[in-house]
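Just so you know, the protein sequences line up as chains A and B, in that order.
Numbering-wise (my numbering), the first sequence opens with residue 624 and increments by one.
Numbering-wise (my numbering), the second sequence opens with residue 4 and increments by one.
Don't read these hints as lab results, they were simulated from the structure.
Predicted, not measured: the structure shown is a model, and the values here were computed from it.
Don't be surprised by glycine CBs; every beta carbon is placed ideally from N, CA and C.
Check each hint, because a few of them may be wrong.
Stated by the list, open to error - Here are the computed lysine-lysine pairs in the DSS-like style, where the Cα-Cα straight-line distance is at most 27 Å:
1. A:K671 <-> B:K81
2. A:K698 <-> B:K86
3. B:K79 <-> A:K673
4. A:K673 <-> B:K82
What the hints assert, rightly or not - Coverage of chain B stretches by chain A, computed from C-beta distances (three or more under 8 Å per stretch; other residues unrestricted):
5. 75–84
6. 175–181
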Amino acid sequence: MNNLENYKKAFLSTFPIKEEQLEKLEYNQIDEWDSIGHMGLMSELEEKFKITLDTDDIVDFSSFQKGKKILKKYKINI
Amino acid sequence: MLKSKVVLITGSSRGIGKAILEKFAAEGIHIIACSNKKNNIHIDYCRKLSRKYKIKIYPLFFNFNNQDNINDGIEKIKKLNIKINYLINNAGIITTSSFQMTKKTDLTEIFKVNFFGQFYFTQHISKMMIKTDGSKSIVNISSSSGLDNDIGRSVYSASKASIISLSSTLSKELSAFKIRVNSIAPGLTETDMMRNNTKKEYIEKTLSRISLKRIGKPEEIANVVFFLCSDLSSYVNGQTIRVDGGMH
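For reference, chain A alone in the conformation it holds in the complex (with noise of 0.2 Å):
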C-alpha cells in the first residue's frame, strides 16, 4: 500500500465517508470530524505512518489537503 491509499484509509477507517468525499473534506465539515474524530484521525496517522505529530501540526491539520502539507515535513510524501 503506498502513502496515498494509507492516507486515505486513515480518513476511510476514522469518518464514515466515501473515498470521494476526501478531496474537499475539512475540519468541521462532517460531524464526525470534530474535535475528538480529530484525536482519532490523528492516532491513526501516526500508527500508520511510525510519526509523531507535533502538536502545532496537529491545530495546523484543518483539511485533507492540508494534511498532505503537514505529512511532507515527516518526509511522508503522498
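Starting from the structure of chain A, add chain B where the hints point.
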C-alpha cells in the same frame, strides 16, 4: 484480572512509583517503567521482577523537566511497538517554602515537571491508547495537598490541584475512546520524598489529624491505582480518590 495488558508508569524507580511497579508486576502485567535518570539498581530490580513474575518490563529513562527529553521518551516508547492499556502519571517533584519565599525557579521547575510535562506526555500517550483494544485507564497521582492547600506548599499544592482539574477534563474528553481517567490524592505516605521535604513537627501534627493514626504505605496507594485500572472500577471516571487514612 488484567493479564496480558501493558501499563506505563512514570517515576517508577522509587517511592509510590516503585510500589506501583511491584503491584502491577505481581499481577502479571507487562510494564513500561519510566524514570528520570539511568539507574543500574533500578534496571536490575526490573530484571528481577520480570523473571519472578514472568512478565516483560521495559525500563526507560527521561526527565519531565525538558520537552526534548520527553520527546525522546515518547520516541522510545513508540519504538517498543506495543499497545498501552494503562498510564500512571506518577512522576513529580516537591518544594516547601512559604508563599513570599518561593523562588521563581522553583515555581517554574515544579510546574514543568508536575503539570506541563505530564500534560504534554499524556497528549501523546493517550493518542496511542486510542488504538488499544480492551480496558483503558489513566491514573494521575495528585496529592491531598492539592485539595487541602497546606501551609508552605503553595506551588506544590497548586501543581497537584492542576492535575486534579486536568484529570476531570480528560475524563470527559477521552471517554469517547473508552479511556477512563481518575486521580488519586495520597496523604502522608512513607517515602524518601516525603521524609526529605516534611518537617518532623509537621508530620506529628498531621498524624493527629489522621483517623488511622499512622503514615500510609506506598503499597496502599499502589493498591488503589491498581483498582482504578482494573475492571472492578469500570464505572468510576473523573474522580479524585483520597488515600489518606481518614484525614480531617
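Cross-check of the supplied hints:
1. The suggested pairing of K671 of chain A with K81 of chain B holds, with an alpha-carbon distance near 12 Å, which does not exceed 27 Å.
2. Taken as a hint, the K698 of chain A and K86 of chain B pair is honoured in the structure, with Cα atoms around 25 Å apart against an allowance of 27 Å.
3. Between the alpha carbons of K79 of chain B and K673 of chain A the distance comes to roughly 12 Å, so the proposed pair stays at or under 27 Å and holds.
4. In summary, the hint linking K673 of chain A to K82 of chain B is supported, as the alpha carbons are separated by about 9 Å, within the 27 Å threshold.
5. Given a C-beta distance limit of less than 8 Å, the hint that chain A covers the region 75–84 of chain B holds, as 3 residues qualify and 3 suffice.
6. Interface restraint, the region 175–181 of chain B with chain A: holds (3 residues with C-beta to C-beta distance below 8 Å; minimum three).
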